[in-house]
Structures are given as C-alpha cells and as structure tokens.
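Chains as they are written, first to last, in our numbering: chain A, 1 to 242; chain B, 1 to 471.
Everything labelled a hint here was simulated from the structure, so no lab data went into it. A virtual CB, placed ideally from N, CA and C, is assigned to each residue, including glycine. There's no promise every hint is true.
[As the list claims (entries may be wrong)] Which bits of chain B does chain A cover? Going by a derived footprint, with three or more residues having C-beta under 8 Å, they are:
#	region
1	34-45
2	151-164
3	190-196
Residues per chain are reported as follows:
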Amino acid sequence: MLRGVQRDERRGLRRFVMLSALAHLGIGAAAGLVSTPFARPAPAAIQVELLASLPVASRPEAVTKKPVVRKPVPPRPAKVAPPKPKQVVLPKRPRARPQKAKPVAPAEISYEDALAQLRAELGESEAPTQVASQHDAAPRATEAGGGVPLDAEIRAWMLATKRHVRSVWVTPPEFLDRNLRTEMWIDVAADGQVVGEPEVVAASGDPFWDDNAVRAIRSASPLPKPPEPGRWRLAFSPRASW
Amino acid sequence: MVSDASRRRRSACLGLALCGCLVSASAVAEEPNPVLEITPGAASAFRAAVQLFAQPRPAAAAETPSADPATPLRAAPDPQTVQVLREAIEAGLGFSSVVLPLAREAFLAPGVTESIRGGPRAECPAWRQSGADAWVEGEVRARGGLVTVAFQVWDSARCLRLLGESVDGSPLDLQRLGQHIADRVVASLTGTPGVSATEIAFVSTRRGAPEIFVMDADGERQRSATRSGSLKSFPAWLPRGGALLYTAFQKNGVPALFLTSRGGVRPGPFLRRVLKGRPKYRGVFSPAGDRVAVVSSLDGEAEIFLVDPDGSDLARFTNSRSIEVSPSWSPDATRIAFVSDRSGSPQIYVADTNGANLHRITFQGGYNTSPAWSPDGRWIAYETRVGGQIDIWMVDPTGEVNVPLVAHPRNDENPTWSPDGRKLAFSSNRRGRADIYRVDLDGRGLVRMTSNAGENTQPAWSPFPRVEPSR
Numbered sequence: 001m002l003r004g005v006q007r008d009e010r011r012g013l014r015r016f017v018m019l020s021a022l023a024h025l026g027i028g029a030a031a032g033l034v035s036t037p038f039a040r041p042a043p044a045a046i047q048v049e050l051l052a053s054l055p056v057a058s059r060p061e062a063v064t065k066k067p068v069v070r071k072p073v074p075p076r077p078a079k080v081a082p083p084k085p086k087q088v089v090l091p092k093r094p095r096a097r098p099q100k101a102k103p104v105a106p107a108e109i110s111y112e113d114a115l116a117q118l119r120a121e122l123g124e125s126e127a128p129t130q131v132a133s134q135h136d137a138a139p140r141a142t143e144a145g146g147g148v149p150l151d152a153e154i155r156a157w158m159l160a161t162k163r164h165v166r167s168v169w170v171t172p173p174e175f176l177d178r179n180l181r182t183e184m185w186i187d188v189a190a191d192g193q194v195v196g197e198p199e200v201v202a203a204s205g206d207p208f209w210d211d212n213a214v215r216a217i218r219s220a221s222p223l224p225k226p227p228e229p230g231r232w233r234l235a236f237s238p239r240a241s242w
Numbered sequence: 001m002v003s004d005a006s007r008r009r010r011s012a013c014l015g016l017a018l019c020g021c022l023v024s025a026s027a028v029a030e031e032p033n034p035v036l037e038i039t040p041g042a043a044s045a046f047r048a049a050v051q052l053f054a055q056p057r058p059a060a061a062a063e064t065p066s067a068d069p070a071t072p073l074r075a076a077p078d079p080q081t082v083q084v085l086r087e088a089i090e091a092g093l094g095f096s097s098v099v100l101p102l103a104r105e106a107f108l109a110p111g112v113t114e115s116i117r118g119g120p121r122a123e124c125p126a127w128r129q130s131g132a133d134a135w136v137e138g139e140v141r142a143r144g145g146l147v148t149v150a151f152q153v154w155d156s157a158r159c160l161r162l163l164g165e166s167v168d169g170s171p172l173d174l175q176r177l178g179q180h181i182a183d184r185v186v187a188s189l190t191g192t193p194g195v196s197a198t199e200i201a202f203v204s205t206r207r208g209a210p211e212i213f214v215m216d217a218d219g220e221r222q223r224s225a226t227r228s229g230s231l232k233s234f235p236a237w238l239p240r241g242g243a244l245l246y247t248a249f250q251k252n253g254v255p256a257l258f259l260t261s262r263g264g265v266r267p268g269p270f271l272r273r274v275l276k277g278r279p280k281y282r283g284v285f286s287p288a289g290d291r292v293a294v295v296s297s298l299d300g301e302a303e304i305f306l307v308d309p310d311g312s313d314l315a316r317f318t319n320s321r322s323i324e325v326s327p328s329w330s331p332d333a334t335r336i337a338f339v340s341d342r343s344g345s346p347q348i349y350v351a352d353t354n355g356a357n358l359h360r361i362t363f364q365g366g367y368n369t370s371p372a373w374s375p376d377g378r379w380i381a382y383e384t385r386v387g388g389q390i391d392i393w394m395v396d397p398t399g400e401v402n403v404p405l406v407a408h409p410r411n412d413e414n415p416t417w418s419p420d421g422r423k424l425a426f427s428s429n430r431r432g433r434a435d436i437y438r439v440d441l442d443g444r445g446l447v448r449m450t451s452n453a454g455e456n457t458q459p460a461w462s463p464f465p466r467v468e469p470s471r
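Kindly produce the complete structure, drawing on both the sequences and the hints.
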C-alpha cells in the first residue's frame, strides 16, 4: 500500500519532471523561433555600426557629416536634414562642400589595400572592432571559432565594393535631399563580375533613381574580387540612413 | 514500465527534435550578409557622347543626284550644319550641369557611324570604355526647307535605348534645334528636361524708360518685348510660354496689366474690366493658366484678388488693413505665398487659395519679400535683409527649414526658378548697376547674363517651351 503510494508519487514526480522539461524545451523553442526573425535582418543598423567602425571608410561627407547635423533636431527625419541646399550656398565663400573640395576622390581602393588597412586597424585598437563584432558578426564569430579573419575579409570586400560603386555612380544633385531607397539583389561571381541582371526588390518610387542604381552596378562590374561568390543585397540611397 | 520507457524515449526524441529546430533556426538566422549600403560619391553629372552624321552621306548624294527633282532640297545637309548642330547640342547639355558632353577625342571611332540603329548594340562596351554614360546619335536630313534630326539616346551601362525621337527645325536656327535635343537627352537620363531652350524675361532701362526684355536662358539674344516708352515692371510668363503679362503705368498714372505675345495670345490690355479704375500693380498666372492673382486696391492698401483670365469669378484672396503683394503660386495651384506687412514689417505668408490655413513662414529680420515657389513645390526662395545687405534664402512652405542660397555684400534680389528647379536667376548690384545673374542650386556656375548699360532687374524664368523648334 505504502509502496504503491510511493510508486505513485515517484511516477507523478517523474511525470512532473518530464512535463516541465518538455514545457521548458517548448518555451525555449518558441522563444528561439520567435526571436529569429528579429535576429535576421536589421541590416541597416548593422551596416551603420560596421562602417562607422572601419578606419578610412569614406569621405567625410554624407556618412559622417549629415547624421551629426541631424542629431539635435528631433523627430522628423525627412525635414530635419535641411538638405543639400544647406551646404550649397554662397558663390562667394569658400565652398563648404567636401564633395567639390575634393574632386579627385580616393575613388578606388584595391581589396588588398582595404584588407591591409583593416588589419592594421584590428591590430592597433581592439575596442571598436569588438563593438562592431558585437553587433554584426557575433554569431558567425562564435560559430567559426577564430572567425574574425573571415569577417574582416568580407568587410574589407564590402568596403572596397562600396567605394568602387560610389566612384562610378552618377547622382545629380536634385536627388540628394530626397528620401529615396532602391534595394536590389546581385549575384557576384568569383572574379567579381555581376552575373545576370540586378533584381530590384524594393523600388524607390522614382524610376529614374532605380534605373540609375542599376546603371551604377552595371558600370561597376566587375566589382572587387569577393572572398567567395554569392548573392548580395545592395541599397542605394542619397543618405546613409534616416 | 514499458509504457514509461516508451514515454521517456518519446520525450527524449521530442526534446532532441526541438533542440534541432533551435539549432537550425539559429543557423538560418546567421546566414544573410548585411545589406551593402551605397551612398552617393562625387560624380554629379552624366557624360554623354554626341555623334551626328548627315543622311544621305554627302559622298553618296554626290554620286546619285536627287531622284526626285520636285524636292531639290532633299540633299544631304552640309557638314557645317551637322557640326553647328552637334556643338549646339553639346552646349545645351553643358548648360544643364547634370549631363555634360564628352570631349570628342575620347570617343571618336572611325567607321562607326553609318546610320542609327536599334538594338542590340555591340558597341556598348566600347561606349563604356570611352567614359560615356550615355550615347547620343542622330541622323541629320535636309527636307522641305527644314532640318530633320532623328536621334537616339543609349544608356551604355545597361545597353538600353532610353529615347528615340525625330524633330524638325529651321536651318536658320540650329541653336534652338540643338537646345531642344539636349533638353530631351537630359530628360531621358534624369526624368526632368534641361532648360537650355527656355528664356528669361526681365526689366531693363538700357534704352531709357524701363521696358520688358527677353533673353535665352544662356544670356544670348537679348531683345526687347515692349517699347512703348511707359514705365513697365513685373514681367510674368503665361504658363504655355511665348507670352508675357506685365504692368505698365498708363498716361493717367494708374498702373494696369498688359499682355505681349509672340503669337497665340492677343497682345494689349488685360483684365481691363476687372476692378475697373483701380490700380492693378501686378498679375501672376496660376501654373495651369486658369486663374490670375492680381494685386490691386479698393480702399487704399494693396490686396490680392483671384480672377479667371476672362475676367469672371473675381474673389478676394486677402482681406486686411495691411499691404499684401507679391503672390507666388504653388506648383499644384492649391496655395499662394505672398508678402504682408500685417506684423509691422514685410514678411512672407502662405495660405490656401480660399484664404484658409494662413501662416507666416519667415521670421528672420524685418525685411523678407519676393517669394518664388520652386517647381517641385518644396521650397520658396525669397530675398531677405541680413545686416546691411539683401541676400537670397529659401524656406520650406511650413517655415521650418530656412537656408541661405546666394549671399554677397551687395544686394541680391528678385529670385526666379528655372522650370527644372536646378537653377535660380536673380538681379544683383554686385558690380555697381543691377544685372541679371544665374546660379546652379548647389552654388556652382554663377554667371552674369546682362552687361549692358542701365539697370536690369526683375527676372522671370519662362516655363518649358511647349512648341517644337520648327514652329
């Protein structure tokens, strides 16, 4: 009798433990599944961190300067960045616009150079790199163990590609203070050639801006040689983000 | 017992499966690369190669005399015509600032030009190689006393034909024909035509009394549009172009509105029966041409009225004891910017055409006048006194963003937008007497366009021409 009760208790306990284990697993799985969509894209944020952490990144203009201007102004981004005309101005004064001040842009940087720069940066200061990897490459780094070199390679390629495309992309001033964003997929072959037609997946609303982005990619092909061939998503916009 | 074991096994399987799910889900989450964000670089102008050739080719024409004696003009245009036309197109492109002509030595290839052809074009890589973003090619024919150009614009990067058109023009005005083609090329690449074929009206005292003059947008061909000797001011284009509304002081000293035209509109007094006997200081057509804003006064102070061009449906737009002048229509014709001194100093206000939603948009200093609404509707250029000088600024229609455009220790006044919104013309006394200047919106390309004796003021940039060069 007593043994029967104990057995019942034990069985009940075991059932409880199993059920709770199942419940935990279930909750864990649900949490994991729910969190993945968030973990997935958020690319803009990632990109901003990533570029900010890079050394020579780019000319001081759009990327670095505008956000600073915009910061203090509160909510409405479209109006906030009192567009390009702000820098435009005054024929008589020395021009404040870095674009013009520096016509011979460091247009192209070879992939190797970018990689070397990046390695130098990695060697010199660890802090910013870690901030970047925290946002960007954390999963990959943990998975690949010493995954930093891979990330560095990819990032160097991204930097070199960004510079290369910028050097051939023609953007008339009239587009620069508008909220335009064209996103496209491109297939990059091992030799850097853009294979096939870019696939525009998010149009800007202005067909001329979209066409111009495709034109830029076609002019830029071949891109710098990538670490590995693959499919990349590109976003063309007058500003880094808004 | 058996059931216990199987239950345990099942739960273990389930657990493993769930773990597997978790692992694979996190693996999927890692996969996508970050989006590669591209922002504009330094290049702000497309490069276009312009290649024209005569058709039929002069040599062939010489060998086989015209088969059709009834049309003796059906000969090949002379090489001079082709060259002048090409140079006109290149100049028109250069005027746009967003499409620049490629130097000829960069792309001249022997034997490429037989006739213009459709796609696919094998030359695209060569075009790209030469640095041409766009390839403009055209056949020039002489036909019936006119010059006909069939032209195409190719996007060399995508190897895609952007435009294919044919246009006629007078052999005596190849400039205009070239400008028309150039403006169309600009439109094919950017969506907005160039303005090399537009004109600017202005007031000049070069012949004594202030008269209305017109010049091409590049400052060439300055000619008078009025010459009656009475005092004239405020030229304003009719939306269809080719005609101007202006104010002239009559013999009795009362200002009235008049039209002057190259055709299509009867010149002479305008809205004479409206507000009869009252001074009419200024008239401005709405962008669609279906209403006219008229500055007049019933009881002393100037007010703004709206009326149909035929004089019907008169409505009072402003109604206050202060002075209201200088109306400027928004491009969609739903709002009007104007100057009022109701606050004690001249300031710019915006209101719907029915007078609703009135709000002030300028607050800096005590002198803000001459509003000019931009063609894209996003800005209002105006003149403002900063310290001892008058500069040109622009403000958005809500009044929140206010930025300088043109500044000089002397006075810059009367801004007017080019119809593509890429340029601004204004008058300035920076060289002593007032002259008309133009400048790109980004501050580049400042050019003085008048240099005759006399004061040159109140520029008004024409709309896009709506007629073909041959008309």
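Verification of the supplied hints:
| no. | hint | verdict |
| --- | --- | --- |
| 1 | 34-45 | holds (count 12) |
| 2 | 151-164 | holds (count 3) |
| 3 | 190-196 | holds (count 3) |
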